[in-house]
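2 protein chains.
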Amino acid sequence: MNGQSVLAAALVRGLAEAGVAHACVSPGSRSTPLALALAEEARIRYWSHVDERAGGFFGLGIARATRRPVVLLCTSGTAAAEFYPAVIEARHARAPLVVLTADRPPELRDCGAGQSIDQIKLYGGSVKWFFEAAAPDANAPSVRFFRSLGARAAATAQAAPPGPVHLNLPFRDPLTPPPADLAQITAAAEGLDPRAHVSHANGALAPDDALIDELAAFVREEPEGIVVCGEPEGGADLADAAAAFARAAGYPVLADPLSGLRVGPRPRDLIIDAYDALLRVDRFAADHRPALVIRFGALPSSKGLRTFLEAPSGTRHILVDPWGDLRDPLHVATDVVHVDPALLCRALARALRGARTRASAWSRSWRDANARVRAALQRRLDMIEELFEGRVARDVASALPSGATLFVGSSMPIRDLDTFFPGTDRAVTILANRGANGIDGVISTALGVAAVSPAPTVLLVGDLSFLHDLGGCLAAKRYGIPLTIVLVNNDGGGIFHFLPQTAHARFEELFATPHGLDFSHAARLFGLEYRRARDANELAEAMAESIKRGSVHLVEVRTDPKRNVELHGEIQRAVEEALGA
Amino acid sequence: MNGQSVLAAALVRGLAEAGVAHACVSPGSRSTPLALALAEEARIRYWSHVDERAGGFFGLGIARATRRPVVLLCTSGTAAAEFYPAVIEARHARAPLVVLTADRPPELRDCGAGQSIDQIKLYGGSVKWFFEAAAPDANAPSVRFFRSLGARAAATAQAAPPGPVHLNLPFRDPLTPPPADLAQITAAAEGLDPRAHVSHANGALAPDDALIDELAAFVREEPEGIVVCGEPEGGADLADAAAAFARAAGYPVLADPLSGLRVGPRPRDLIIDAYDALLRVDRFAADHRPALVIRFGALPSSKGLRTFLEAPSGTRHILVDPWGDLRDPLHVATDVVHVDPALLCRALARALRGARTRASAWSRSWRDANARVRAALQRRLDMIEELFEGRVARDVASALPSGATLFVGSSMPIRDLDTFFPGTDRAVTILANRGANGIDGVISTALGVAAVSPAPTVLLVGDLSFLHDLGGCLAAKRYGIPLTIVLVNNDGGGIFHFLPQTAHARFEELFATPHGLDFSHAARLFGLEYRRARDANELAEAMAESIKRGSVHLVEVRTDPKRNVELHGEIQRAVEEALGA
Numbered sequence: 011m012n013g014q015s016v017l018a019a020a021l022v023r024g025l026a027e028a029g030v031a032h033a034c035v036s037p038g039s040r041s042t043p044l045a046l047a048l049a050e051e052a053r054i055r056y057w058s059h060v061d062e063r064a065g066g067f068f069g070l071g072i073a074r075a076t077r078r079p080v081v082l083l084c085t086s087g088t089a090a091a092e093f094y095p096a097v098i099e100a101r102h103a104r105a106p107l108v109v110l111t112a113d114r115p116p117e118l119r120d121c122g123a124g125q126s127i128d129q130i131k132l133y134g135g136s137v138k139w140f141f142e143a144a145a146p147d148a149n150a151p152s153v154r155f156f157r158s159l160g161a162r163a164a165a166t167a168q169a170a171p172p173g174p175v176h177l178n179l180p181f182r183d184p185l186t187p188p189p190a191d192l193a194q195i196t197a198a199a200e201g202l203d204p205r206a207h208v209s210h211a212n213g214a215l216a217p218d219d220a221l222i223d224e225l226a227a228f229v230r231e232e233p234e235g236i237v238v239c240g241e242p243e244g245g246a247d248l249a250d251a252a253a254a255f256a257r258a259a260g261y262p263v264l265a266d267p268l269s270g271l272r273v274g275p276r277p278r279d280l281i282i283d284a285y286d287a288l289l290r291v292d293r294f295a296a297d298h299r300p301a302l303v304i305r306f307g308a309l310p311s312s313k314g315l316r317t318f319l320e321a322p323s324g325t326r327h328i329l330v331d332p333w334g335d336l337r338d339p340l341h342v343a344t345d346v347v348h349v350d351p352a353l354l355c356r357a358l359a360r361a362l363r364g365a366r367t368r369a370s371a372w373s374r375s376w377r378d379a380n381a382r383v384r385a386a387l388q389r390r391l392d393m394i395e396e397l398f399e400g401r402v403a404r405d406v407a408s409a410l411p412s413g414a415t416l417f418v419g420s421s422m423p424i425r426d427l428d429t430f431f432p433g434t435d436r437a438v439t440i441l442a443n444r445g446a447n448g449i450d451g452v453i454s455t456a457l458g459v460a461a462v463s464p465a466p467t468v469l470l471v472g473d474l475s476f477l478h479d480l481g482g483c484l485a486a487k488r489y490g491i492p493l494t495i496v497l498v499n500n501d502g503g504g505i506f507h508f509l510p511q512t513a514h515a516r517f518e519e520l521f522a523t524p525h526g527l528d529f530s531h532a533a534r535l536f537g538l539e540y541r542r543a544r545d546a547n548e549l550a551e552a553m554a555e556s557i558k559r560g561s562v563h564l565v566e567v568r569t570d571p572k573r574n575v576e577l578h579g580e581i582q583r584a585v586e587e588a589l590g591a
Numbered sequence: 011m012n013g014q015s016v017l018a019a020a021l022v023r024g025l026a027e028a029g030v031a032h033a034c035v036s037p038g039s040r041s042t043p044l045a046l047a048l049a050e051e052a053r054i055r056y057w058s059h060v061d062e063r064a065g066g067f068f069g070l071g072i073a074r075a076t077r078r079p080v081v082l083l084c085t086s087g088t089a090a091a092e093f094y095p096a097v098i099e100a101r102h103a104r105a106p107l108v109v110l111t112a113d114r115p116p117e118l119r120d121c122g123a124g125q126s127i128d129q130i131k132l133y134g135g136s137v138k139w140f141f142e143a144a145a146p147d148a149n150a151p152s153v154r155f156f157r158s159l160g161a162r163a164a165a166t167a168q169a170a171p172p173g174p175v176h177l178n179l180p181f182r183d184p185l186t187p188p189p190a191d192l193a194q195i196t197a198a199a200e201g202l203d204p205r206a207h208v209s210h211a212n213g214a215l216a217p218d219d220a221l222i223d224e225l226a227a228f229v230r231e232e233p234e235g236i237v238v239c240g241e242p243e244g245g246a247d248l249a250d251a252a253a254a255f256a257r258a259a260g261y262p263v264l265a266d267p268l269s270g271l272r273v274g275p276r277p278r279d280l281i282i283d284a285y286d287a288l289l290r291v292d293r294f295a296a297d298h299r300p301a302l303v304i305r306f307g308a309l310p311s312s313k314g315l316r317t318f319l320e321a322p323s324g325t326r327h328i329l330v331d332p333w334g335d336l337r338d339p340l341h342v343a344t345d346v347v348h349v350d351p352a353l354l355c356r357a358l359a360r361a362l363r364g365a366r367t368r369a370s371a372w373s374r375s376w377r378d379a380n381a382r383v384r385a386a387l388q389r390r391l392d393m394i395e396e397l398f399e400g401r402v403a404r405d406v407a408s409a410l411p412s413g414a415t416l417f418v419g420s421s422m423p424i425r426d427l428d429t430f431f432p433g434t435d436r437a438v439t440i441l442a443n444r445g446a447n448g449i450d451g452v453i454s455t456a457l458g459v460a461a462v463s464p465a466p467t468v469l470l471v472g473d474l475s476f477l478h479d480l481g482g483c484l485a486a487k488r489y490g491i492p493l494t495i496v497l498v499n500n501d502g503g504g505i506f507h508f509l510p511q512t513a514h515a516r517f518e519e520l521f522a523t524p525h526g527l528d529f530s531h532a533a534r535l536f537g538l539e540y541r542r543a544r545d546a547n548e549l550a551e552a553m554a555e556s557i558k559r560g561s562v563h564l565v566e567v568r569t570d571p572k573r574n575v576e577l578h579g580e581i582q583r584a585v586e587e588a589l590g591a
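Chains as they are written, first to last, in the working numbering: chain Z, 11 to 591; chain E, 11 to 591.
Since the hints were made in silico from the structure, they are not lab data.
Since the list gives no way to pick one copy over another, a pair counts as held whenever it fits inside one copy or between any two copies.
Here are the simulated EDC-like pairs of lysine to aspartate or glutamate, each with C-alpha atoms no more than 20 Å apart in a straight line:
id, residue 1, residue 2
1, Lys138, Asp128
2, Lys313, Asp292
3, Lys487, Glu519
4, Lys138, Asp120
5, Lys313, Glu117
6, Lys558, Glu548
7, Lys313, Asp183
8, Lys558, Glu539
9, Lys487, Asp501
10, Lys487, Glu518
11, Lys313, Glu586
12, Lys313, Asp338
13, Lys572, Glu519
14, Lys572, Asp501
15, Lys572, Glu395
Pulled out of the complex, with its shape left as it was, chain Z reads as follows (with noise of 0.2 Å):
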């Protein structure tokens, strides 16, 4: 019987019984052993992909949307630096994943062997866990250390902050052991005591009395604070405590799109949806500094909050973060509370229980601006009848069904949701890979997302990114993954034409970078179902006749970057004037 894939059988046993469901794994020839332990676990679905790049971000898809701990598998070689990306990504938005790279034994190692390269720490600093375990012989305590193994890697991947770990497997020859044995193989590895495995229990640093005290006493005082929501760290779902919370304070609540908080079913008199254009009226910014910040999530791109939070006031700006990183870019943060967001919300909320019963004039001032605003917007949006990427994200956003997610790409689709979505009573998802806010893998990631999501999924995404991840549609075709992607093509890179690079000479050729790409081939190659939209209502409709089919969908949206900007810029006068009115 061949020992190491006894191990191997007991490493993936013990990532099994930690909660691993799914494993990406690409085809080689080292990783054998593991692919067929992986192969042969049924509490594991097996997903096949040829470019390890796509394969680790569908599994970060995955991870992201289930929230478990997801495994990679490749074979040696630069198969395992085609990862890097999505592991770097994993980091920053604490997605829990584990790193199998198979490797050649020491023997084969730094003498010329193909396939081999230093595997050690290949990752650097950007995994929380790196370990190199060679497989021994299969005597009881290997088998014992090896299931220990796959369950201490899959509890550490999910441990807080969650995130990448990386194991480093090396294998020899004879790599297959034959057929027959492979039964055996797994019974030497379930021939273990059924308790004995390292199970993980995460806690959650809770805020002390003194801490709610002081702030309670603070936010009682101070009827003049916000509440700014990001991307809660891990995408843990903060919206309902943080909403519990706002109305208890009576502060208005400037709500990021991937915060939760401009969707479902919840009162909105509080949420500032349209933040981004209100906030760049000068006017109102110099009127509405707030005493009072109080910060969760990542901060939202808005260049307007941005600027807004800048401005020096003497606010007392509180940063709270689950895990102690210091998230403020602006170097703005006067407090940061090392905490449970959740848990500080709802501990702020029972505190300050009657303490602003009727809306003060600081919040009827938001709220007012703000309904003037998104009106204005809404109505702006609804003149346009040329295709504006600002009302494709609006309209994309509006027509979820309920339990739908929508994957945002990371360039302008997720700046224009987060000016003209005004949110909706649904309970939609909306998620984007703003960890590193590269826009590689955004193809594979939604797929990943779309492939364990019992509702539609939808992916809204510009052409270069769709063009940068191209290769990752081939899962759509080989698992048949339902996934609508709305392709807004501007034929290039069209956040460059919002910069001061449109002024330089050879600006197309060094930043836009067009490509002249008819994208209906791209459909045709992997047998997704192609549609162009020419208006919004062509629009509205292939979006639910693919919701509807719940097949594969690629919906061309071609846009003009030039009269993008302009638009924008048109929109922001509308803004202007309502709010002066």
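Following the hints, complete the assembly by docking chain E onto the known chain Z.
Chain E alone, transformed into the frame defined by chain Z:
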């Protein structure tokens, strides 16, 4: 005037002065000062790539073809991680790359700013040199420093052994100087002493007289030696020197297709080009144990050769390596000679002049067996009417005009070429990414080679490799790079059909990973001219037409992986018969 733009211009000037002639740049904002400086520098050709991974391999291709350092530039974040596979391949292939990653300045690191990851030593031990250089004020010493830094980076990449270096360069807003300032910025960088830059001359390790005397004496006494030539380190041209030495010693030369010894006008009687098939014949191998093996370059991948070299025999086994790497995965070397291989070969050829004027029985026996085996291989290939991968490899390589380059995929194509390519008098160059042997980046590397080659370039690639780097085809469209891609499509990982994994019940799903794609759609997407070759004649015609017209062609050849394994077996039996007769 924008100080950091002056420094960026000085850095780029230093790079150009040290011989950089090509830069592969991916669009981004943070990298703007360097992108503009590269665009302004007349001595550097600017190549734009949406996908940094493809851009990295494209740059690697240029570096391999020109053997001069090539710049890669990207913005901050996961973009930088996308270069990792190409950086690792460059390290192992000894190709000079200067990787420039733009970064956020310290005040925007590790504090939740967008697109900000830890880029310090991002590529770990895979680069020869890492340097972090913040742009200070553009005073005279700083400008000198940045120019010298550019020159030093290029020189270090180029210095023996060549490889990748990494400069991490933080920039602050505003990133874009007014276009009117560009000429002034360039002038400021040009106002430097034209002689004051780091110039770098590289020596080579020369063998001393004692070493030459000892080796020459040994060779003189020992007729039963062989020379094994793999891919030379760093792509050096070793073929003529190694052939001169072998001729003087009277030793047969087992010549890998990447060694350069199978091609070009040269005497062929000592060139053993059928060693892979020959050494699988047990009786021949047993009867031809050498007393001396002298090895140059990487160990060929031939399984027959590896088994032969491993057999215990008391052989003196000399490994010649210019950089003291111990490239001996079989652990059979008895002597490592750490000198420049060409200098050693020429010195030994001189010392052995007149030593062996007539062919020994030993060398005649190798030569005759090789001739019989090669004739049998050719005869069998000519008889196969169906499309067989071995014949495709031979026909493609044999059809190349003089001066052409053949780039070969890492999995089956390079192995088939080794077995079936008899060599040609035409001076063709054969290249492959055999540093780390990945299947990634193959299209992009070949396009990089083609971009700088005056003569035709042909890529022989399998379908999984093609699919892995599909997006790399965009560069062909954007730059109209002439390349003939011969795509051997066996619908999945054909190489696995040779391995014991085939016995597994879920072999197709876990290892072969068939995809069922119609690649004509990929050709349409990227504007490649597509042709399907259904037999050897159609393949020859399609290749000839593509080479003549000088555009980008995708010539698809569909093969049956199971039949492929059978034919390999039949042919080996024909070889055994030929040798037994």
